[in-house]
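Each protein sequence line maps, in turn, to chains B and D. Using the working numbering, the first residue of the first sequence is number 1, and each one after it goes up by one. Using the working numbering, the first residue of the second sequence is number 1, and each one after it goes up by one.
In short, the hints are calculated from the structure, not lab data. It is possible that some hints are incorrect.
Not close to chain B: a few residues of chain D, all C-beta gaps over 10 Å, as computed [unchecked claim]:
(1) Q14
(2) H29
(3) V43
(4) G72
Covered stretches of chain D (chain B as the covering partner; in silico rule of three or more C-beta atoms under 8 Å from a C-beta of chain B) [stated by the list, open to error]:
(5) 54-64
(6) 95-108
Ideal Cβ placement from N, Cα and C applies to all residues, glycine included.
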Amino acid sequence: SQQGEEDPQALSIQEGENATMNCSYKTSINNLQWYRQNSGRGLVHLILIRSNEREKHSGRLRVTLDTSKKSSSLLITASRAADTASYFCATDFQGGSEKLVFGKGTKLTVNP
Amino acid sequence: EPEVTQTPSHQVTQMGQEVILRCVPISNHLYFYWYRQILGQKVEFLVSFYNNEISEKSEIFDDQFSVERPDGSNFTLKIRSTKLEDSAMYFCASSGLTRRQPQHFGDGTRLSIL
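So here's chain D without its partners, still in its complex pose (with noise of 0.2 Å):
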């Protein structure tokens, strides 16, 4: 069964540093999504992307966030300036060919910064 895949799994990274994490989305999606769960926390809406384009972001989904779609299957979110707050495990999600389908979940990395 296809599957939204993730990498790294687990990502350590230093205060103010730069991070990138990546998605491999199902392959004939169309709707691509970011979320994180803090620690023992919901999971949380970040951003939703569609034709290449963000259609919707959170308060949590700063200038410091960004989402990108370089080639025709990977779709990466980078965080510019890493935060000790922004420790948490981050969640890829896509969905199908139309819109309100089931969004289905990467494993997630977890993201730990020091």
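Pulled out of the complex, with its shape left as it was, chain B reads as follows (with noise of 0.2 Å):
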């Protein structure tokens, strides 16, 4: 399977607190997407970290990449409860498809 796993499925913190979400994958891939979804709503991008890459920012997002394992990071800092949504990474693998495949996501809930 190509597919992208993240863990936990599910995590809890209060707010203010620094929220890390992992992902891991199988194939050698082009670019990781990380998107975030709040319940029964479409998918936000957040960020695209590309293979030659290690480390992202945005905001008070960071994305890290580790090709050698086959792992990113999701790192969201100082959280806030409009944070509380479910989080997916999603890779499009080297060999030439654009497709994502998507993982099961991580839900997090912020706690005010």
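Could you fit the two chains together into a complex? Lean on the hints.
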């Protein structure tokens, strides 16, 4: 299977704390993208990190990529109640395909 | 900020009926996609579309499915004869001028087959 898999499946933290979610995948990638999905809503693109990049930042988000371990992490610093959502990693794999393969996601709850 | 829009937000259809899901991708994007998410399951790729033709499709995308870009703005997914198992959230996505750009998703159409 080429699928990315996130862990933990669920994470509950207090507002102000940091949240770290991990993603693993099995075959070589071109890019890895992180998305957020609020309940019943669409997927919001957060960050794209390319296979030749190791770290990327966007506001309170920090993404790392370790291609030797085939894993990525998403760190949300100083979390807010509004960050409550499901977070997914999605990969597109080497070999020409543009399709994204999604993991099952991490359901993050930030308690006020 | 430009966004992908999908209509309708919710579609209820009798089994065996045809349904068309509509999407307006971001205006200068060239790559278009459909994905679906069955309740409680992963988001699954259906089809990608570039230069007015299908570039890739999954096993799910059988003869009952088709896509079309009838004009310069709309991108549609048609299911000819719906089955109960087609009930899902269907997402349209688009990405930019070159390959390997971020894919931006719409809010989805919830399709319920009765």
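Enumerated hints in conflict with the structure, sorted upward: 3
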